[in-house]
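Given next are the chains, with one letter for each unit.
2 protein chains.
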Amino acid sequence: MPQLRKDPVLGRWVIIATERGKRPTDFVHIPEERRGGFCPFCYGNEDKTPPEVLSYRDPGTKPDTPGWQVRVVPNKFPALTIEGEINRAGEGMYDKMSGVGAHEVIIETPDHDAELSRMPVEHVALILKAAEQRIVDLQGDTRFRYIQFFRNRGYAAGASLEHPHSQLIALPVIPKRLTEELAGSKKYYGYKERCVFCDIIAQELWTSERVVVEGDAFISIAPFAARFPFETWVLPKKHDPSFEDIDADSRFALAAVLKETLSRMNVALSDPPYNLILHTSPVGERDLKYYHWHIEIMPKLTKVAGFEWGSGFYINPTPPEEAARYMREVEL
Amino acid sequence: MPQLRKDPVLGRWVIIATERGKRPTDFVHIPEERRGGFCPFCYGNEDKTPPEVLSYRDPGTKPDTPGWQVRVVPNKFPALTIEGEINRAGEGMYDKMSGVGAHEVIIETPDHDAELSRMPVEHVALILKAAEQRIVDLQGDTRFRYIQFFRNRGYAAGASLEHPHSQLIALPVIPKRLTEELAGSKKYYGYKERCVFCDIIAQELWTSERVVVEGDAFISIAPFAARFPFETWVLPKKHDPSFEDIDADSRFALAAVLKETLSRMNVALSDPPYNLILHTSPVGERDLKYYHWHIEIMPKLTKVAGFEWGSGFYINPTPPEEAARYMREVEL
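Same order as they appear, the protein sequences are chains H and F.
One point on numbering: in this note's numbering, the residue at position 182 of the first sequence is 443, and numbering is uninterrupted.
One point on numbering: in this note's numbering, the residue at position 10 of the second sequence is 271, and numbering is uninterrupted.
It is worth saying that the hints were derived from the structure and are not from the lab.
Mixed in with the good hints there might be a few duds.
For lysine to any residue, the following SDA-like pairs were computed, each having C-alpha atoms within a straight-line distance of at most 25 Å [stated by the list, open to error]:
#  : chain 1 : residue 1 : chain 2 : residue 2
1  : H       : K448      : F       : D460
2  : F       : K357      : H       : T468
3  : H       : K357      : F       : T440
4  : H       : K357      : F       : K453
5  : H       : K267      : F       : R455
6  : F       : K453      : F       : P433
7  : H       : K550      : F       : K267
8  : H       : K267      : F       : D356
9  : H       : K357      : F       : L443
10 : F       : K357      : H       : E582
11 : F       : K453      : H       : K390
12 : H       : K390      : H       : D508
13 : F       : K499      : H       : G272
14 : H       : K453      : F       : K267
15 : F       : K447      : H       : L443
16 : H       : K498      : H       : I396
17 : F       : K357      : H       : D508
18 : F       : K267      : H       : Q400
19 : H       : K498      : F       : M354
20 : H       : K357      : F       : F411
21 : H       : K437      : F       : R438
22 : H       : K437      : F       : D460
23 : F       : K447      : H       : G445
24 : F       : K437      : H       : Y450
25 : H       : K499      : F       : L387
26 : H       : K448      : F       : R438
27 : H       : K357      : F       : E423
28 : H       : K267      : F       : G351
29 : H       : K448      : F       : K448
30 : H       : K267      : F       : Y450
31 : H       : K448      : F       : A444
32 : F       : K357      : H       : E470
33 : F       : K453      : H       : G353
34 : F       : K357      : H       : G353
35 : H       : K453      : F       : D356
No experiment lies behind these values; they were computed from the predicted model shown.
From just these sequences and the hints, can you work out the full model?
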């Protein structure tokens, strides 16, 4: 079983995948991303994945057969295991916990070569609906404290399969970055009695220089202190702590802004690899006055993006104002 | 002038290099690392770098001419600029600061094809001496609060030139990661009245399963909650808050353990790209009872290392016990 281990200095939990333990030789030759070959996410290969936990499919078709538009399955090589209790234990001065959690894959479309930003808005909304439905379901498991939704596009961003997909990991701990966001936004709220993200949105709308896409209910911006070139955030304009409370209209509005944002990024940067991460409230904290859910998109522009000094110290060679302007000005 | 900008939620400072502002097209085609071609760090090209600020050279040779063994020059494309006052300013709700700092390059050897782990221990010690001397000198500038020493090896780890070199960045702020380490180790000290790093060393020596190299005065270990496969730390065994107080004997002992650690990593992983980062006390804090300087080495094993979810949430597929064992067992 995988282990969760806590850094004794920083308090950061890390998943140590003890079972699939990669040997040094596994890292030496890394295959390039290949087209073609067998794909377990394509129609007809439904039996090559664990049985589906959710699908939106044509009426009359059976689970784990073709006919689906979006399909969610447990990850065949999960980072955490679903069975078992959470056992906390010490190991001398160190702290560890059994690696209990869920790891699911959202297969976003039957079309192997599809690209999220070129799908119809309705289909993007359907993918978001699957994410939402799975988050709500996983929140029902009392062992979990945070459900992480993310999407890696491209080999350089960590995607091991090219068929469009995103992932969900249900965790028995709250990730460090989110803990910090909660603490920071709570502190701001204590001082200002306003949500820091609401204030960010107000200022961005006022100056508009870092706005990438503005819809009626959602906005995308290049953040003021962007870590990476073309880092872009998508936020609901109205205060809202939890993604999973979204209604059908808002989901459609979000899908439209997300699609346009990714389209602009794809044109500006020629379909870059990227990581997309949902930041939402922890399980059981739906009504926070100080937290505001949002999506962070970080293109991996080789050598520059991901160029973190391991010290939390980032150098961003592209001012976010310039990145936003490029993305606004590209022709779609 | 570059800007330092503060994330309003997390309080993290980021350097925004407004001047060299990379355009999207700069990211589209990334050249592969090439052998050959012009190298500004080789003998005879001393006039292609800014004038040296330090060198160890043959008696009778002049500055900025051949004859040096180690040479330190200002970075020709600095992330921060050395001239100017630190001006703090608001921009609506946001905080920014003028990007004042120093950015220097330690050219580690005249030999373009040399590799740190294969240099004589004496030469590794000489490089460490240059780092130490520059840190002490930069600490004299009252504008700086932290001097960051680091080394990127290989294109995938962010090195833009292959000639062996390391870098120093003097910062007017303390990097977030270090602030967190200081806070975490202070908290531990408050509870235990012992340095957390001293306790880590004691436990690692006791169990020995995560020890990579043990010398008389220094040790290298795969940390218990390693974020990345083969992440390795080098620490002084005796409590010591600041790297720059090291004496000649200790420097030699450190060079020997560092060289052997990197050799073992290079054999186990076939000369991987890596980032090496010195963690030491902030300027003016040389006597901290709770902090313990150390070096962190993170091999960049494509797709796996650097695979950070942007959420402070890491999955490490190689248990540190296994990584340490591999490194211990390789033949040098």
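For each hint, the structure was consulted:
1. K448(H) - D460(F): Violated, at roughly 33 Å.
2. K357(F) - T468(H): holds (16 Å)
3. K357(H) - T440(F): Distance of about 24 Å is within 25 Å: holds.
4. K357(H) - K453(F): holds (19 Å)
5. K267(H) - R455(F): holds (19 Å)
6. K453(F) - P433(F): violated (32 Å)
7. K550(H) - K267(F): Holds, because 23 Å separates the two Cα atoms, which is no more than 25 Å.
8. K267(H) - D356(F): violated (32 Å)
9. K357(H) - L443(F): With Cα atoms ~22 Å apart, K357(H) and L443(F) stay inside 25 Å; holds.
10. K357(F) - E582(H): Holds: K357(F) and E582(H) sit about 15 Å apart, inside 25 Å.
11. K453(F) - K390(H): Since the Cα atoms of K453(F) and K390(H) sit roughly 49 Å apart, the hinted pair is violated (cutoff 25 Å).
12. K390(H) - D508(H): holds (9 Å)
13. K499(F) - G272(H): Within the cut-off at roughly 23 Å; holds.
14. K453(H) - K267(F): OK: K453(H) and K267(F) at ~18 Å, within 25 Å.
15. K447(F) - L443(H): Distance ~22 Å between K447(F) and L443(H) Cα, so the pair holds.
16. K498(H) - I396(H): Holds: K498(H) and I396(H) sit about 22 Å apart, inside 25 Å.
17. K357(F) - D508(H): violated (38 Å)
18. K267(F) - Q400(H): violated (33 Å)
19. K498(H) - M354(F): It holds: about 17 Å lies between the C-alpha atoms, which stays within 25 Å.
20. K357(H) - F411(F): The hint is violated at about 30 Å.
21. K437(H) - R438(F): Judged against 25 Å, a Cα distance of about 12 Å means the pair holds.
22. K437(H) - D460(F): This hinted pair holds, its Cα atoms lying about 23 Å apart.
23. K447(F) - G445(H): holds (20 Å)
24. K437(F) - Y450(H): holds (21 Å)
25. K499(H) - L387(F): violated (58 Å)
26. K448(H) - R438(F): Cα-Cα ~19 Å, so holds.
27. K357(H) - E423(F): Outside the cut-off at roughly 40 Å; violated.
28. K267(H) - G351(F): violated (37 Å)
29. K448(H) - K448(F): It holds: about 20 Å lies between the C-alpha atoms, which stays within 25 Å.
30. K267(H) - Y450(F): holds (17 Å)
31. K448(H) - A444(F): holds (17 Å)
32. K357(F) - E470(H): Holds: K357(F) and E470(H) sit about 17 Å apart, inside 25 Å.
33. K453(F) - G353(H): OK: K453(F) and G353(H) at ~14 Å, within 25 Å.
34. K357(F) - G353(H): violated (43 Å)
35. K453(H) - D356(F): holds (16 Å)
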